[in-house]
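**Student:** Chains as they are written, first to last, in the numbering used here: chain A, 1 to 772; chain B, 1001 to 1421; chain C, 2001 to 2269; chain D, 3001 to 3204.
Among the hints, a few may not be true.
Capping the alpha-carbon separation at 25 Å, the derived lysine-lysine pairs in DSS-like fashion look like this [stated by the list, open to error]: (1) A:K67 - D:K3103; (2) C:K2177 - D:K3080; (3) C:K2175 - D:K3062; (4) D:K3204 - C:K2177; (5) B:K1301 - C:K2230; (6) C:K2049 - A:K709; (7) A:K598 - A:K569; (8) C:K2175 - A:K67.
Treat the hints as calculated values from the structure; they're not laboratory data.
The primary structure of each chain is shown beneath.
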Amino acid sequence: MDWDRRTFVKFAVGAVLGVHASPLIPKFMDDTAIWTQNWNWVPVPEDGAVAYAKTVNPHTGTGAMAKLIDGRVEGLRAIRVEGNPDHPLSRGGVVPADASALQLLYNNETRVAKPLLRNRATGVMTQITWPQALDLVGGNLAELAQKGQAHQAAALGTDPSSTTGQMLMRLMQALGSPNVAFTPTPRETMALAGLFMTGQPFLGFDLANANFIVSFGTPLLEGFGAPVAVRKAFAGWRGYPKNQAYLVQIEPRASVTASQADQWIACKPGSEGAVALAMCRIMIEEGVYDRAVESAYGWNDVDGMMGFKSYLMKSIDRAKVASLAGVSLPKLVKMTLAFAKADRAVAVCGPGNSGDPGRLYDFMSVLALNALKGNLGKPGGVVAQQPLPLKSLGGALPEPKQPPLAGSDRPFSVNNVHDLAEAALAGKPYGLKTLILCGGNFVFNGPQANLMHDLARKTPFVVAITPYMDESAAMADLVLPSTHWLEGWGDSTTSFGSPVACYGLHRPLVKAVAEAKDAGDTLLALAQRLGGPAAAALPYKNLAEALAKRSQAMGDFKKLAETSYWAQKRPAYGQMRFNTPSGRLELFSRTLRQLVSKGAGGGQDLDKAVRALGVKGGAQAAFLPHWEEPAAYAEGAAYPLIMQAAPSLRTTWGDEAITPYMVKILPDTVLANADKLVVEMNPATARDLHLYAGDMVLVESSAGSLTAKLTLYAGAAPGMVFVPLGLGHQAFGFQVAKKGMNFNRAVKVTSDPMSGMPIWELTGVSVKKVRG
Amino acid sequence: MRRWFDDLPKYADDSSWWPNGTTRCRPEVFLFWLGLPLTIMAYFGLSAFLVLFKGLNQTNMNDYFAFGVWIVVDLAVIALGAGAFFTSFLNYIIGKTELKPIVNAAVLIGFICYTGAILMLGIDIGQPIRGWFGFWHANVHSMLTEVMFCITTYAIVLCIELLPSVLDNRRIGKVPEFGTFSHNLHTIMIVFAAAGTFLSFFHQGSLGGMFGVLYARPFAYRGHLGIWPMTFFLFVMSAIAAGPSFTTMVVMITEKITGKRLTSHKVKMLMGKISGWLLLVYMVCKSVDTLYWAFIYLPSKGLSVGQMYQAPYGSWLVWAELGLFGWLPAILLLTPRVRESYGLLFLAMLLNCIGVTLNRFIFTIQSLALPVMPFEKFFSYLPTWQEWGVASLVLGHGLLIFMLAYRYLPIFPQEPELNQR
Amino acid sequence: MVIDVDKCTGCGACSVACMSENNVGVLEDETEKIRSITWLRVYQIDNGKAFPETEVAFFPRPCMHCQGGASGSPGQAFFQEDTDPQEAHTPCVSVCPAIATDYDDATGIVSQITSRCIGCRYCVAACPYHARYFNWYDVPWPQGTPRGLSPFVSPRMRGVVEKCTFCYPRLQRAKNKAFLGGGKVGEMDYQTACTEACPSGAITFGQLQNPAHKVHKLIQSEFAFRLLEKMGTNPKVYYMSKRKWVRMMADNHLSQAKATQAAASGGHK
Amino acid sequence: MATHQQGKKQRSRADWLLLVVGLILGSAFGFWITPTILYAEKPQPLQFNHKLHMEQVDNGCKSCHKFREDGSFSGIPGIKSCKNCHSGDEPLGNTPAEKEFMKFLKADKPIPWQVYARQADNVFFSHAAHAENAGLECTRCHGKHGESDKLRPYEYNRLTGYSRDIWGRGPIGLAGPPDRMKMDDCAKCHRDNGVNQACFVCHK
C-alpha cells in the first residue's frame, strides 16, 4: 500500500466523515451560537427576594415605595421606586423625579463617598476622615464664637419645617448666629397671605372636591405643591362623556395646564392678580357673590382708609383690566359668572411658572375672590390645614445679639437665602466668614445663581453637606457626604396647597454609600464637637431619635417609619376660624397694618413707610388685596421682552437635580443638538426681531444671560421668551452635565412689595441672535 | 555585474497566463492600475473596521432610516447583477447562443455584485457574528430570509458558473484534472443555469417583496398576487431589464479602457434589444402600479400622492424614475438606430441602469422617510464617510476582480478574433 | 391598554417608570431622538392654531402590539383579498428573518428576544409607530449604576432591536404567584409599570376581550380610537379623547392631507 | 487514463480501509475534543452533602430551596437560610466541610457557589409553574442531585461560559432532561404537553 495522494484523500474523507459523526460540529455550532449571544460587558443583575418598603420622597412629597431585592451575593439593593398606593395624597402615582431617583442614589461618579477637603488654590480635593472634618468645621465655628463673630457664620438650608432644618436653626442660634436662611417657597407667601387675611398660616385648596377651578398663573400640572396629589385631583375632574369639573387656566402660555384646561384665558404676564380682582368686581356688580363677605373686616372703608369694595370700584375697571391683561371681556365675564354659579368653585394661586414663591398681593387677591365666592371652609374651596402635631426639638434658645443679615429692615421677614446672600455680599451690615450649605445646591438653584456663586466664592470658609458632588460641593472648602433619601433618615412636611396636613418620614432602606451620614447626624455631631450651648440645644444621639421625639404625637415611631406618613384624615370643613385681630375675615388686614405701623406712625409716615417697602399703591392700598405692576415691566427699553420659565416635571421642580432619565425624555423643544438649551418664542415676536427657528440667541437680563437655540411656538405669548428650568448642570456625570444652560443664571430676583420675598417670576430681557 | 532587480522583469512576466491569442498591458502598468482598487479597498477596510469595532453608530442610519445607503447599493448591485442569471438563462436554457460571447462577462459581473452585496450585508447588521441565525433559526415567512438563502446559494452557484472560466486559464487548464473538470462542468452548466435562474427569480422578487409586504408603510406597500406583493414582480422585471444593460455597459467601458474590441456589436445590440423589451414591459406594469397606488390605494389610507414626496425627496423623483430613466431608455433601446450607434446604445443603457438604481433608492430611503403618523416629523438622511467607505466595497473589489479576471481569464471568447491584426 | 389623552399631562412619569422597570440605559447624548431608546415615548401634538387658540396634547406611545389582520388590512388591494394569515399579521413579526420576535396568541403580546436578534432592522422599517429601537451604541453604565438594575429584565447589548413588552416579566411573576396560590392572575395582578406610575391615572391596562376588565368597557366608548387605524395594523393600544382635533390627529385623513403637506414643507425651509 | 484506472483497482481495498481508519480517528477526535478541550473545571468553595441534609429536614428539597411568598423561587439558599439550623457558634457535625463553612457563617459572608443549573440571563424559568402547577418532580430536571453525598466538580464551557449541565453530560447531547437543559428541551416538553411556546413564556 502506497501512501499517496489518493490514499490520503480517502483517509481525509474518512476523517472528515468521522468528525461529522461525532458531536463536534453541531456542538461547536451550537456553542458558537450561544457565544455570540454573550456580551460580557452587559451587566447581569442579580436575582433575589423582592420586598417593598414604603417611604416618602421629601423633594416631591410623593408617597413612594422602594422595590428592594435581596441578592444572595450582592445583598440588599433598591431596583425601583414606585408609588405607594396607600398614601392618601399620591395614591400610587409618581412623577419622573421619583421614578428615576435611583439614578442619583447609585452613581459612584456623582456621589460623595467620604469627607473631602478642597484646596482653593489648586482646586484639588483630598479625602479626610470624619473626625478631621468635624474638627475643621467645629474649630472654625468655635473660633468665631470665641471672637464674638458667631453672626458671621451663616447656614443655608432647604426646608425650615423639616427636622434637619429645625436642627440647623437651633445649632446656629445656640452658636449665636442669627443667620439661617432657607429656600423661599410659596408656602411662606401663602402663610403671610393667610395670616393677614384669615389669621391662618396653613391654607390649602380642596382641589379634589372642586368642580370649577380657576388657576391664576400657577402651573397646576407642571409642578404645584405635591405634583402627584394635584394630578390625582385633576384625574377626578376629567370624565366621559362630560368632564366632572371645569378648569380655567389664566396664564400667558399654552402650557400643559392651559391645554388640558377646559378654558385657557391667555393673559399678559403678571396680570393674573388684576384678573382675579376684575372677577371680584364683576361678581359684585352682577350681584353674584356670597353676601357673607360683606361682614368681613375691610369690606367697607375702615378708619378713613379705603375698604376692599371701594378699592375695586375705584381702581378695578373690568374693561380696563381686560385690555391691560389682554383678555376678552365677554369671555372673562362669562367665565366669572360660571365661577360664581358653580357649586364648588375655587380660585387657586401658587408658585409662578418660574418656581418663585408668588406675589403676596396676588395671593391676597385670589383669597379675596374665594371669599367672595364664599367657599372658605367649604368642600371644594379654601380650607385651613390642621397644624402638624410636631413637637419642638427643645426649649427656646436665646436670641442672637446681632441683627440678621437679611430682612432686619422689614416689619416681618422670612429669612431666605437670596436676601441673606445679597446682604452678605454687600457687607451690610456685615460680611460672612463661614458658610454652611446644608443640601439645596444653592450655587445652581440660586434663585439668582450668579449671586449664590459669588457668595460661595467670596466667603472664606464654605462647608457643603450634600449627597452629591454638585455645583455647590465643587465650590466648597469642605464637602461632607450626606445620605440620599433612600438610605437615610429625614422628614418632610405638608406640601404647598394641600387641603390636609401631611407628614412624610423616610428611613434608611439600603446601605448608605461609604461614609455618608444623614445631614441631621452631621449637625448633631457638630453640636457635640462644639459642646456647650450647641450640644445642649441638640441633645440627641442621632437624627432618628430627634425624629422620634418630634413626631411623638403621631404614634409609635417604628410603625410611623414603616407607614412612612401621617396625614390628616379629611379636610377641615366648616366655618373657618379667623384668628385675626377682628376675629373676622379681613379684606383690610389689620395685622399687616399693625406690623407696619409698629415702625412708623400714622398718616404721612405710614404712607412713606409703606412705599419704602415697595408698595407703589401707598398706604391706601397696602393693606388690601390689590394689584401692582410687576417690576419686570419697568426694566426699560434695554430689556424689551419678558422672560418666564416653562416648567415641566421632565426637568425639575425643587432642589433635587434632574436625572439622566429625565434628560433622556426631554423633547427637542427643550434640549437639542446634544447640549443646546431651547427657548420658546411666538412666531410673530421672532419675526419682529428678525429671528428664525433654530437661531442661536443670547437672552440677557440685567442680572445675567444665557445662550440658547430658538424654537417658535404659537402657544407662547407675544413679547415673551420662555426658558426651560433646571438644565445646565456642570455636575452629575456625563449623562446630565453640560446640557443646556441654567435659567437661574439669567434670572433677576426682585423684592416682592411688602413681604420682601424674593420673586423672579418675570425678568426683563433682550434677545438677540448670536453665532453658534 | 547583474543587479538584483535585473531579473525582475523575468519574474514579473505573466504573459504565459494571459488568455490565448490576447495581449495585455505590461505588468508594471497593470500593477500601477491595481493601486486604484486597492486604495478603495483600504478605504473600505478602515470604514468596515470602525463599523464593526465601534458599532453602527458610525453610520448616519437611525431608528427612522433603519436602512441606508448600504441597502440601496445592495439592492442596486443585485439588480444590476441580474444580467448574470438572465443571460445564462437565455443562453443555456432558451438557447440564445448568440449571447455566448457575453455570458462569461455577465457571470463575472454577477459574481462581483453578489459577493459584494453579501459582504456589505454582513457589515450592515448590528450583530455580524449572529448573521448566520437567519439560516440557523430561519423564519420562513420573512422575505428577508428568502433573500438571505437565495443570495447565498446563488452566490455559490455563481462561483460554480465562474469556475470554468478560471479553469480555462491557459496555465491552469494545462493541469489535466482541471481540464477534465472544466469540461465536465461545461456540459452540466445548464443545471446551474437553471438553478441560478430559479434562485435569482426568487431573491430578486423577494427583495422587492421585502418592501411590498410592509403593509403599515403606505409608501412601499403594494397589493398581492398570490402570496407575493406586486413589488415582487416589478423588482424581477426591472432587474432583468437592467441586468443585461449593465453587463453590456461594463463590457463597453472595458473596451474603451483597454482599447480592444471584446464582443461584436451585434451581441451588444441584442443585449440592448432584450433590455429594451423587458424595460418596456416593466414600464407598463410599473406605470399601472404607480397609478393604482397613487389614486386608489393611497386615498384609501387617507393619504395623497403629494404627501409622499416631500423635500428633499420631492416629486421630481417620480418624473426622473418613470420618465427620464424609465420610458426614455425603453424607447431608445427599442429604436434600432439607437442600438446601432455605440454611443447612443451606451447612453440608453446607462439611463436604464440609473433608473433601476433610483428605483431601489426610492424604495429604500423614501419608504422610510415618509412619516406614517401624522404628527411625526419628516427626516432626511445623508450617509457618513464610513458608510460610503463600506458602500465602495463593490466598486473596489469589483474593479480588482474584474481587472484580474480580464487579464488572466478567457472571459471574452471573441476577443482574439475581433482583435486580429 | 387604553390611554386617556384628556388626562395625560405629558409629565413623562410613564416613560421614566418604563425605563427603570426595563433597564434602559442613558447615553451621553440623548437629544438625537431618532436614536434615543424610549420604549414608551410621549409625543406632543398641537392643534396648529395661532396664539391664543393653541392647544397641546400628548400621545404616550408604547409598542402597539399589533395583531394585524382586521378590517382595513393589507389585502384590500389590487388582485385579491390577502388570505395568508402570516401576511395579515403583526407588521414587524412576519418580517424578522431569525424569529427574534413573535406574536403570542395567548396574550396578544409581541415579544422581542434580543439575544436572538441579528440587528437587521427590518422590523424597525416595518413599524409605522417607531416603537422599535435599535441599540446604536453600547450602553454606558456609570460606575455603581448597575446596582439599581432590575433582575427581571435582561439588559441588552449593542446592535440589537428592543421595544416595549407590556412589562411581560410582570405577568411572569404574577403567574408565579398564582401558581403557588392556586388562583388566577387577576386584572390588578398584572399591570404595566407605566400604568402604575401615571399620576393622573390616564393609562388603563387589562384584557381587551375580557368583559370583566375595565379596558373592555372603555374601548366601546365613542371617544376611543387607535393610531393609524386605516393601516390595518389592529393595535392593542387605544386612546380616548373628547377633543375632535386630537382624534383626527391619530390617523391620516385626505381632508387634512393638504394642510399637513403645507406644514411639512413650511417647516423644512 | 488507463493507468489511472489500473492503479485504482490495485489499491482499492487498502484505500477503503484507510477511509475507515480515518473515520474512526476523526470521530474519536471529535468525541475527545468535545468534552475534554471544551470544558474546564472550577472548584466549589465548599463541599456539601445533600444526602446528609435531606435526612435532617422534613420537607425534601423545598426545605431549603424554597418558594417565596410571591411565587418566586429562592434557588440556592443564602447564608441566612443556613443559620436557621446552624444557629450556634459550634458546628453541628464534625466534617471538615462544615468547619470550612463555619468561617463563612461567622463572617456572614455569602458562599460563592457555582450553580450547576444556571441558565442565561435572558431566561425566565418559573419553578412555580413546573414544580407546583405542573407537579413535576425536582428530579425531572435536576436528576438525583439531592441524593448525592458530595458536590461533583463544576464544569463550564470555555466558549460560552455556561455550566456543562445545560448541554448535558451525554456525549451526543441529545438526552433531554435531566441530563440536558437546553431551550430545545424546554420547547419539546412544552410542545408535547400543549403548553404555550411563545418566546416570552420563558424569556425576559
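**Student:** Which earlier hints turn out false for this structure, listed by number in ascending order?
**Tutor:** 1, 7
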